[in-house]
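Model the placement of chain Z on the given structure of chain G, informed by the hints.
For the record, the sequence lines run as chains G and Z. First residue of the first sequence: 9, per our numbering; consecutive thereafter. First residue of the second sequence: 9, per our numbering; consecutive thereafter.
These are computed hints drawn from the structure, not numbers from a lab. These numbers come from a predicted model, not from an experiment.
It does not matter which identical chain is used: a pair holds within one copy or between any two.
Below, a list of computed lysine to any residue pairs in the SDA-like style, where the Cα atoms sit at most 25 Å apart:
| no. | residue 1 | residue 2 |
| --- | --- | --- |
| 1 | Lys52 | Thr134 |
| 2 | Lys52 | His102 |
| 3 | Lys122 | Glu161 |
| 4 | Lys166 | Arg119 |
Number of protein chains: 2
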Amino acid sequence: MVWFTGLSGSGKSTLAQAVFSQLANRGHRAEILDGDIVRAHLCKGLGFSREDRIENIRRIAFVGNLLARHGVIVLVPVIAPYRAIRAEVRSASHAYMEVYVNAPLNICEQRDPKGLYRRARAGEITNFTGIDDPYEAPDAPDVECQTHVEGVEVCAEKVLQKIALSLRPEVVVSAPSAAAGL
Amino acid sequence: MVWFTGLSGSGKSTLAQAVFSQLANRGHRAEILDGDIVRAHLCKGLGFSREDRIENIRRIAFVGNLLARHGVIVLVPVIAPYRAIRAEVRSASHAYMEVYVNAPLNICEQRDPKGLYRRARAGEITNFTGIDDPYEAPDAPDVECQTHVEGVEVCAEKVLQKIALSLRPEVVVSAPSAAAGL
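So here's chain G without its partners, still in its complex pose (with noise of 0.2 Å):
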């Protein structure tokens, strides 16, 4: 399980996205679990409060850790802002890979693709994360990628690389030996 974590607006889904593209041509079976489609899905009725995005966050890994053990890698571009919450979902994970979708605040806030921030400095919406609610960074994430000075593919090639490191033999799809059937 590979989770983004990151601001609203740092670029984990497009990432995620980037990285699923990849695995899919290599033959690997992958998942993203979308937090927009795990909160209609599996989370309908939970809100932002610091206690809902927790349980949200327990939900995913739930999900995540099932997939996984069938061999599923599981991209998930979930902003996940509490250090407390993450080492859980660690420690709770027979395979866990942090990847920190690190731009500041003020980029974010300028890309701004869901109109998020502008509305959350407009008091439109509260628990808003950056603004009114904390985010924590990790210290010390398995990758970190600066999407401001970075590209998408070098990005994600990162991502990727650590991933081919973490599988495990069975899971890697190779060309057939050239001595099969000898």
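Just chain Z now, with coordinates in the frame of chain G:
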């Protein structure tokens, strides 16, 4: 996704476990989505009203389909008492099979493995299927097992045969062909 529907105490979990063991022995990827585990991890806060049961079933179906999409045979021993929600799950699923675990209410109540019928009769639990909440029996299940007259091995074999008929060829684990390499 194989859904085992039936009253509490009808033998859904026992049958799912027997099917799971056989599948695992034969080298298939399988997973049981047990109602209690799912309620603890995905449906905290949901009760047993009609609305909450339906939401619970939708979440299980969402996770089951995620797993099934990656070639996992998902066994779901969960009452799912209403025809309409079972029809919804069937139509939303790529591959769905319904096993009606059928034992008469009075037999289930005698078994009462979790003491729930006793508590429902005493009024300590409400919205209990078969007592004060309806169980709508399937009209056309893919498999029917009468657990009060058929043993668990016989029932499991019926389900396994139906699964084998439904599996796409690539999911079937077969012995290497003698012609390979010639």
